[in-house]
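J.: Protein chains in written order, with the numbering used here: chain A, -1 to 342; chain B, 1459 to 2449.
There could be a bad hint or two in this list.
Pairs of lysine-lysine, DSBU-like flavour, derived with a Cα cap of 35 Å [stated by the list, open to error]: (1) K1503/B / K1536/B; (2) K1817/B / K302/A; (3) K191/A / K1882/B; (4) K16/A / K1624/B; (5) K1589/B / K19/A; (6) K1740/B / K1730/B.
Over 12 Å on every C-beta distance to chain B, these chain A residues come out as not near it, computed from the model [what the hints assert, rightly or not]: (7) V105; (8) N174; (9) N254; (10) K302.
The set of hints was computed from the structure by calculation and includes no laboratory data. Virtual Cβ for every residue (Gly too), placed ideally from N, Cα, C.
Read off the chains here:
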Amino acid sequence: MIHSLFLINSSGDIFLEKHWKSVVSRSVCDYFFEAQERATEAENVPPVIPTPHHYLLSVYRHKIFFVAVIQTEVPPLFVIEFLHRVVDTFQDYFGVCSEPVIKDNVVVVYEVLEEMLDNGFPLATESNILKELIKPPTILRTVVNTITGSTNVGDQLPTGQLSVVPWRRTGVKYTNNEAYFDVIEEIDAIIDKSGSTITAEIQGVIDACVKLTGMPDLTLSFMNPRLLDDVSFHPCVRFKRWESERILSFIPPDGNFRLLSYHMLSWDVGKINPQKLPSLKGTMSLQAGASKPDENPTINLQFKIQQLAISGLKVNRLDMYGEKYKPFKGIKYMTKAGKFQVRT
Amino acid sequence: MTDSKYFTTTKKGEIFELKAELNSDKKEKKKEAVKKVIASMTVGKDVSALFPDVVNCMQTDNLELKKLVYLYLMNYAKSQPDMAIMAVNTFVKDCEDPNPLIRALAVRTMGCIRVDKITEYLCEPLRKCLKDEDPYVRKTAAVCVAKLHDINAQLVEDQGFLDTLKDLISDSNPMVVANAVAALSEIAESHPSSNLLDLNPQSINKLLTALNECTEWGQIFILDCLANYMPKDDREAQSICERVTPRLSHANSAVVLSAVKVLMKFMEMLSKDLDYYGTLLKKLAPPLVTLLSAEPELQYVALRNINLIVQKRPEILKHEMKVFFVKYNDPIYVKLEKLDIMIRLASQANIAQVLAELKEYATEVDVDFVRKAVRAIGRCAIKVEQSAERCVSTLLDLIQTKVNYVVQEAIVVIKDIFRKYPNKYESVIATLCENLDSLDEPEARAAMIWIVGEYAERIDNADELLESFLEGFHDESTQVQLQLLTAIVKLFLKKPTETQELVQQVLSLATQDSDNPDLRDRGYIYWRLLSTDPVAAKEVVLAEKPLISEETDLIEPTLLDELICYIGTLASVYHKPPSAFVEGGRGVVHKSLPPRTASSESAESPETAPTGAPPGEQPDVIPAQGDLLGDLLNLDLGPPVSGPPLATSSVQMGAVDLLGGGLDSLIGGTNFVAPPTAAVPANLGAPIGSGLSDLFDLTSGVGTLSGSYVAPKAVWLPAMKAKGLEISGTFTRQVGSISMDLQLTNKALQVMTDFAIQFNRNSFGLAPAAPLQVHAPLSPNQTVEISLPLSTVGSVMKMEPLNNLQVAVKNNIDVFYFSTLYPLHILFVEDGKMDRQMFLATWKDIPNENEAQFQIRDCPLNAEAASSKLQSSNIFTVAKRNVEGQDMLYQSLKLTNGIWVLAELRIQPGNPSCTAWPSRHCPSWVLLAVLVGGGLWRGFGGGNFRLPVFGCCMSPSLLVPVVQDLELSLKCRAPEVSQHVYQAYETILKN
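One chain only, chain A, in its complex shape (with noise of 0.2 Å):
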């Protein structure tokens, strides 16, 4: 399993590390600054690198390296994804992940990773677990603990570790009732010379912000739910009604969280007069004194469109069953450029 974790920053200094098991020595990332030598960008750091006796599993993010030590057979996949998730952690706890906000809370980052890995198995994984185990700073909590001597440390067990519902933690309450779904749906395009497509297909997902009372039981519907084929599941969401249904019926957890994900690779675009074929033209000019671009540049195209999805997805309603209050209901669509490429 994943014996021990190291932060370096892009100029190559490790400034976190922490061991699940037996202490490595730091000079293992040496092997790591080699590759990051030889790969000239960060961004092209390879992800698996072997050493001696150890295989050092890396990803980059918010310029930070955050490099796992494993010593035996583990699934890259499972420790890459697990390192993805100590950054959204950081950045849940924190607002944003960087090297200074990481050193100013470095007390709580070392409980939540200590938290998060027992023996290098996945324990608590989950923000809602996580946050009840260990709070967050606020400035409002710092000041309260100074005055009272209380700590960030929850002394409760973590409700909802062991109930079905290992996401949602118990007794939420809230005055305002309130359940916000964004349908966000991204383009990833590659649009050649000559301005035809080459490639385009849709990534799309659903967030959610749920703050509801109790244990409240969703379901959401869809006007066209067979656009949706290719789609990962938060694990909150009841897969056979799914299946049978193509109805989403969910207990969701507390707070902000990724109710699915899509993808497609060629959807409905309704009615087009194939003699007036909409198109988008642009131009590019370079500021006066910028040097001039490699031969053929690729563009990169950013671009919003506000209450539309691409797709055509609609949602049709949105239930709740087993809490007896009226939540405030919402959903939001939007479709933005993903990686949208013009080749020139």
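Given chain A, work out where chain B should sit, using these hints.
T.: Showing chain B alone in chain A's frame:
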């Protein structure tokens, strides 16, 4: 208030200050102090001096403080074992706490204290926690067993924790099940032979139920565990697949890939005619595509696996070519992998698109990527015949760009296209010739020269072109020199009248002015051919060339099948079986795909995996079967370029040019170096044989009783073949270590230095465990004896015959190659004795078609003597019995790669009338050999000796042996070794 204050540099007396604060009466101050200590610890400062003071803070009700102290303990307990004892009481007490969180915390922490002395005290609390009423405590305790096992495996076994852990697989709580599986899997990895995860339909059912309810990480462990299961028939396989498919929609990519592994493996058992088979194929594509929209690091691992999947089952992704198109801001490691998969998926249907893309990539900025893209175009031409023309014209377009490295790469691949499709595209030669001057890389120059030579009759100024290269002949690389020599000879044979001068020039350059033996030799051969028989020369030099093969980079099928079983693991990233790189690789058990069970299977599926024993147990001896030329021929051209860059222990990988210098440093870094002095003295007084056949020469040579039989040295490399270096040698096994005893004789007139040795990949992974140490230069007529320790952790490739070993030896003069056969008994390990029950079960378990029978003629030994002789070579007698006057020895031996061979040896006093004994007449598991009498009576004449049945050691020592034939029956899961084991038997018994 932030924690950054903890990072202020160590001031003088900081430790002293902290000490005072830790002992403060004020709770708040204490806690602040512990926080500071932890912060210092986190950034790598040594605060171990504060151990007693921190431990004193442990007895507290404040949970945060307790946790912080625990953190500290885990870090420093090892360095302060005596102090750590102080903490034991608190742990024991905390394990009884009414709050399950505290119980769990205590059991979790105490497992992390890696101090032997303490662990004993922790057994009782751990036992309680494993049976705790709260599942949270149980699941934490399950992991604690794995921790404890890491510290003291014996203790864990003695205390029966493994059984408790196995029971937890049936726990009612899915999280507990998942952790128990994870803990058992980890323990099993250090004990590959133990049968910890014994799966049966009931436990599988429990795992499948837990799969739906446990956390994402638990799902990974359970899926990986399921993948080791061997369903009994296609129905069971299908029902497992049905319950695993929903995991393909999981957001966690590791869960998805583990599920893909289970499906790919069990699919093997399903008939292709089943509707379900088709459904499953369709279901596999979308999740694989989705993995490619994840972060680049995940994409990379996914792509390496997809590379395997498209080779095994191209139909899954054949319509998804577009998702592998490269985005210009993909990291380079993703780009290269995508490119590789694009070529594998290229077909007539999509080739136009692929080519357009590849052409686009060839104009990018990253040189490595561009080169690979150009090569890819060439590979497409060779793979998809219909596209060849389009590929050639694309390459021509690229040559027009005049970008130097693009042009060179294009010329290299065009050469291959010419070879694949002769007499089709030669019209482009003119264009190629225009770029002659810009070529500065040896490979491109050599390719161009080859083209000019091959098509000399169509190129008007071929002689001028080739002459232009001749000017700087000695500055060229060997590759170019050799090619130039051949090309000019070809030219001469085609246009003899105009080029006589040129050919003489090149022949004299090659033979008289060059130090390179290869070049000289080739020069002489041509010279003599041309001078003695020009017609023959024409036939030789201008012979029809064999066509080049379509795909040279496919993974060999048996290796591919094995790798499919390792989807999602490091092995799948490196495309090598774990035995090739996991530390201490011997322990690794080979996996293989299950056989297809359905009867409707059509005959056209040769990819069906080996039949026989269940996966996970079957020690598939020889996973790889590569081309026999192997790596040896690449020795002087640098390491082979296939596969990802691997920098692990070079000896194991065999991918590094050991002979190319830097030898010592490379080997010095690995962990199995045996110092040369420790090697056993060679030769043990055996006479030196002459010729390979002496290796098994049964009349000469004296065996030794301490250690395995050592054959006399035989000449492996005669001096005339190696420019005066004569090598003879033999193999020995002494106390568990194998060595190659060599005798090097210098029969040349010059001093030899700089010896080095390398083996080609071979069936059992034999590799030098230390460099070849020849301390002083070897003067003419001097002989030196060296014992070279060998390891069996090198990379493995099946050889023909199995015990063939190809060796390269280098000295200051040249590199020489020879091959030799090693006797199999050097691979018999010391712990090869099976217990009786196991023997019995295994014998039954191995299918009868794996049984091989042999006769050992004229072997005057009684059972006792044979047994002890064999034992000194690590063939162990498990049991002995007498059946109708014949002694039967049941024996076992184990090879270094973990393969067991079971033997039944029948010894009977000579009885001329006795013929083959039909084996089914033998009592149940006693198959085997019958003593066939005949042969000469020697010694004391025959006698019938009777022994009580089974296992008695009373030997008929008074009844002494006669000349007799022994009959040997061998059973092994890898039947191909039988022949060699038999030879070993014969060698040992007769010497």
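J.: Quick one: work out the minimum CB distance from N174/A to chain B and report holds if it exceeds 12 Å, violated otherwise.
T.: holds, 28 Å
J.: Given the hinted pair K16/A and K1624/B, is their alpha-carbon gap at most 35 Å?
T.: holds, 31 Å
J.: Could you grab the alpha-carbon distance between K1589/B and K19/A and see if it respects the 35 Å cut-off?
T.: The hint holds at about 25 Å.
J.: Should the label of V105/A as a non-interface residue stand, given a Cβ cut-off of 12 Å to chain B?
T.: Incorrect as stated: the minimum Cβ-Cβ distance to chain B is 5 Å, not above 12 Å.
J.: Please verify that the nearest CB of chain B lies beyond 12 Å from N254/A's CB.
T.: Non-interface label on N254/A holds, nearest chain B Cβ at 14 Å vs cutoff 12 Å.
J.: Tell me if the straight-line CA distance from K1740/B to K1730/B falls inside 35 Å.
T.: holds, 13 Å
J.: With the threshold set at 35 Å, check whether the alpha-carbon distance from K1503/B to K1536/B stays at or below it.
T.: holds, 16 Å
J.: Classify the label on K302/A as holds or violated, using whether its beta-carbon is more than 12 Å from each beta-carbon of chain B.
T.: holds, 19 Å
J.: Next pair to validate is K191/A with K1882/B; report whether the Cα-Cα distance is within 35 Å.
T.: It holds: about 32 Å lies between the C-alpha atoms, which stays within 35 Å.
J.: Does K1817/B pair with K302/A here, judged by a C-alpha cut-off of 35 Å?
T.: Between K1817/B and K302/A the Cα gap is close to 32 Å, so the pair holds against 35 Å.
Hint check: a violation occurs at hint 7 only; the rest are consistent with the structure.
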